[in-house]
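Participant: Top line first, the protein sequences correspond to chains Y and X. Quick note: the first sequence uses the numbering used here, first residue 1, plus one each step. Quick note: the second sequence uses the numbering used here, first residue 1001, plus one each step.
Be careful, since some hints might not be right.
A partial selection of chain X residues facing chain Y, derived with a Cβ cut-off under 8 Å [said to hold, decoys possible]:
no., residue
1, Glu-1104
2, Leu-1106
3, Leu-1162
So these bits of chain Y aren't anywhere near chain X, every CB distance computed over 12 Å [what the hints assert, rightly or not]:
no., residue
4, Glu-39
5, Glu-54
6, Thr-58
7, Val-59
8, Asp-60
9, Ala-63
10, Leu-66
11, Pro-87
12, Leu-104
13, His-106
14, Leu-110
15, Gln-118
16, Lys-137
17, Glu-141
18, Thr-142
Please keep in mind that the hints were generated in silico from the structure rather than gathered at the bench. Don't be surprised by glycine CBs; every beta carbon is placed ideally from N, CA and C.
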Amino acid sequence: MAQVNTSPDNSLRAVSDLTPQLDPSPSNAEGSAIILVVERDPHIRELESYFLNEAGFTVDFAADGLDALTRARALRPDIIITEVLVPKLDGLALCRTVKSDPDLQHIVMLVFSILAVQSRAREAGADAFLMKPLAEKRLVETVRQLLVMRRAMSQPGEDA
Amino acid sequence: MIEDHLAGAAAYNDAGFSRITTGNPQADEILGGGFPCNSINILMGQPGTGKTIFAEQLLFHNAKGDRPLLYVTTLSEPMTKVVSYVQRFDFFDSGRLGKEIQYEDLGAALSEQGPAALTDWLRDAIKTRSPKVVVIDSFRAIHDLAVSTDDTRRFISNIAGLLSAYDVTAFLLGEYTQDDIRTFPEFAVADAIVELARQSRSSRDERFMRVLKLRGSAYREGQHAFRITAGGLELYPRLVAPREPEKYVSSVDRISSGVRGLDDILGGGLLTGSTTLVVGMTGAGKTTLALQFALEGVKRGEQTLYVNFQENPAQLRRAIANLGGDPAAVQRQGLRLLYASPVELQIDSIVVEIFEAIKSGTIKRLVIDAVGDLAAAASDSQRLHDYLYSLIQHFAARGVTTMLTLESGEGFTGSSLAHDQRFSYMSDNLIYLAWSTEKVGHRTIRVVKMRGSAHERDIREFEIGAKGARVL
Chain Y
1 MAQVNTSPDN SLRAVSDLTP QLDPSPSNAE GSAIILVVER DPHIRELESY
51 FLNEAGFTVD FAADGLDALT RARALRPDII ITEVLVPKLD GLALCRTVKS
101 DPDLQHIVML VFSILAVQSR AREAGADAFL MKPLAEKRLV ETVRQLLVMR
151 RAMSQPGEDA
Chain X
1001 MIEDHLAGAA AYNDAGFSRI TTGNPQADEI LGGGFPCNSI NILMGQPGTG
1051 KTIFAEQLLF HNAKGDRPLL YVTTLSEPMT KVVSYVQRFD FFDSGRLGKE
1101 IQYEDLGAAL SEQGPAALTD WLRDAIKTRS PKVVVIDSFR AIHDLAVSTD
1151 DTRRFISNIA GLLSAYDVTA FLLGEYTQDD IRTFPEFAVA DAIVELARQS
1201 RSSRDERFMR VLKLRGSAYR EGQHAFRITA GGLELYPRLV APREPEKYVS
1251 SVDRISSGVR GLDDILGGGL LTGSTTLVVG MTGAGKTTLA LQFALEGVKR
1301 GEQTLYVNFQ ENPAQLRRAI ANLGGDPAAV QRQGLRLLYA SPVELQIDSI
1351 VVEIFEAIKS GTIKRLVIDA VGDLAAAASD SQRLHDYLYS LIQHFAARGV
1401 TTMLTLESGE GFTGSSLAHD QRFSYMSDNL IYLAWSTEKV GHRTIRVVKM
1451 RGSAHERDIR EFEIGAKGAR VL
């Protein structure tokens, strides 16, 4: 398999360059952002919800891709964190569906998987990719950066 | 897109996984770089085999950063005992305790609540302390608390689920036996299984480490000897022959044996990089011949290693002086004496020491006097032969001309024939020393075999006089 040469520093810098003035902490910048987690593993669900709650986010769960779409329409989450290996509609297909739906495409998609599928996740329209296992610092930081990025992207239009 | 460069890079690096060091370079070498990160590993072995020390050595070497390493004792050994014992080791650092390394005793909780106490503890530890490493000692003992097979399955499934979900590397220690591997469910979820064992030999014990499983990675198979020192486990990875069969450069270069008259019957001298086995009864002149071979090397400015199990350094220096050499001078000029008492002899450590010495590439001549002493110390003669074979291949590859001596009780015949023959097969040249049957008190020499060279086959007289040995 080809060596994956991500240049994370660049992508992360790009994010912070856009938003030099923003504080990424959810408590004051994002309030209680809503996160929809699409995950089957009970242990990951438990730990994910615990760490995200601790970080100040509101977490809801879906057990499969179709359930996630239904909930996304009702819940309007800020971020969907999805495993690739979920039933009915896999995580990558979920990304494509969300990103091609005008009502949902503003939702940030974070693929969080046991599979190393960075490039496929990118092709499917994911905004970020994280590999399991769960490391709370990486997860929470990534979520915060994504929220900051999202605000920065939507801000000019709203403010003007 | 924000990408997970940390995990991504780790997932694609050459080794396949990122690794956690054992804190022991040899163990890391055996494991192909260490234990895989985010894995469940079993360290198994009977009490007293060194599991706890191995785990603690790993902990203290990895005790840095803001995430703690947790060591939890269950039912077999109280935590206080484990902690008080670890203080004796060099790697112990009391400054790490309570911060980077946290010991905890779950014995009481487990006795009251059963196996679920460990699951609860682990879940809570993950949530509140973000552990980088968790050691559970003994994990096997928890099985005794399970009330049913279902209970056990649920417990293992929960523990394995939590450990797999979270970014943590776990070590489950236990007094497991080989039979347990088939029946205990933790072995199915384990990414690595390492066994530590102790085998009794008449006056001492030999310890071995063996990797039974290492998911997704190559490792060094077989038993690797170790001993427990103040520094922790001192390991001697099993020597294996060079991966590629050495192109046997049939060297035409010859070097002098250093024994007058011997080069003539050897067709002009020993071929560079060849191995010569010198077989003979006590007093037949093996050590004299081997020492002269070594001193000849020094005279010609060649680095020479003399490994000896019989004569202590003082005796050997005397023997050098008897051959007209100045012991201090020849040592300065490049003769290295490596002495190991047969009593303390642990073959693996000697083999590793020889191998380390020749790896430098400067040694041109080597003597092992006598390989029979190695054989006597070996608990497993097949293993010894594999070792010597590997060593000889390495010598040949590096152009080290080697002489091995072998004491033969009844001459090169009789009961020890099979044993001796195995040595002779791996040698290029075979020289046989004996007492003359015709002239009392006279010695004889005969070149029985010389690979890749013509040689004389006659029995010749071998004289040891004031100036050393010579062939008449």
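Participant: Evaluate each hint against the coordinates.
Facilitator: Taking the hints in turn, this is what the structure says about them:
{"no.": "1", "hint": "Glu-1104", "result": "20 Å, violated"}
{"no.": "2", "hint": "Leu-1106", "result": "20 Å, violated"}
{"no.": "3", "hint": "Leu-1162", "result": "5 Å, holds"}
{"no.": "4", "hint": "Glu-39", "result": "10 Å, violated"}
{"no.": "5", "hint": "Glu-54", "result": "8 Å, violated"}
{"no.": "6", "hint": "Thr-58", "result": "18 Å, holds"}
{"no.": "7", "hint": "Val-59", "result": "14 Å, holds"}
{"no.": "8", "hint": "Asp-60", "result": "19 Å, holds"}
{"no.": "9", "hint": "Ala-63", "result": "16 Å, holds"}
{"no.": "10", "hint": "Leu-66", "result": "24 Å, holds"}
{"no.": "11", "hint": "Pro-87", "result": "18 Å, holds"}
{"no.": "12", "hint": "Leu-104", "result": "18 Å, holds"}
{"no.": "13", "hint": "His-106", "result": "16 Å, holds"}
{"no.": "14", "hint": "Leu-110", "result": "8 Å, violated"}
{"no.": "15", "hint": "Gln-118", "result": "5 Å, violated"}
{"no.": "16", "hint": "Lys-137", "result": "8 Å, violated"}
{"no.": "17", "hint": "Glu-141", "result": "10 Å, violated"}
{"no.": "18", "hint": "Thr-142", "result": "6 Å, violated"}
Consistency with the previously given hints fails for numbers 1, 2, 4, 5, 14, 15, 16, 17 and 18, ordered from lowest to highest.
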